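Enquirer: Note that numbering that gives the first Met the number 0 has the sequence shown beginning at 0, numbered continuously upward.
Incorrect hints may appear among the rest.
Stated by the list, open to error - Capping the alpha-carbon separation at 35 Å, the derived lysine-lysine pairs in DSBU-like fashion look like this:
#, residue 1, residue 2
1, LYS114, LYS70
2, LYS114, LYS84
3, LYS84, LYS70
Claimed, not checked - Computed beta-carbon distance windows for the label pairs:
#, residue 1, residue 2, range
4, GLU97, ALA15, 31 to 41 Å
5, GLN140, GLY26, 14 to 24 Å
6, VAL42, GLU14, 19 to 29 Å
To be clear, the hints were calculated from the coordinates, so they are not data collected in a lab. As the structure is a prediction and not an experimental result, all values here were calculated from the model. A virtual CB, placed ideally from N, CA and C, is assigned to each residue, including glycine.
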Amino acid sequence: MSRILLGLGSNIEREAHLCAGLDALAGFLHDLQCSPVFESAPVGIKSGPFFNLVVSARTDLPLTELDRRLKFIEADNGRYAPNRKGLPLDIDVLLYDELVGNFDGLILPRAEILKNAFVLWPLALLVPETVHPLTGSTFAQLWAAAQIDQQLRPVAFQWRGRALTPAALLQA
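Go ahead and model the full structure; you've got the sequences and the hints to work with.
Expert: Set out below in structure tokens:
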């Protein structure tokens, strides 16, 4: 089984699309664990604020099949609809084991890990001791040293009756 880290984001019906995405992922991934959920301003597009989180899981799917399934989940949530406004659901492969390189257009590890606080902070909270395969530093170390000019706000979020964002983080 391969260990994977995925980034999820939505800026349209954010709770509904993220829950639908998590439900779909739970249907074929193993040991699914979720980071807290954060609200952030959009990066690279003009839109409303996003909800973002990171998930850790295990899969027996090859990378190309995993990516294909993620595209289907995005499509089921309206990502590729011709008249969509904003981004209903985005799911990105951040890491697949310790693979490094270009795999049929999928570049791993994903560059956004080091560029976006809404990816790095959730990773630092969910898998703090996991090492970034290019930097050699853990996600906790990378977050502690990060100088990313993005505002994030932890948000209360429930999936399957479970709070993903701890109360202590919400009060910080």
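Enquirer: Hint by hint, which ones does the structure fall short of?
Expert: Checked against the structure, the only hint that fails is number 5, while the rest are satisfied.
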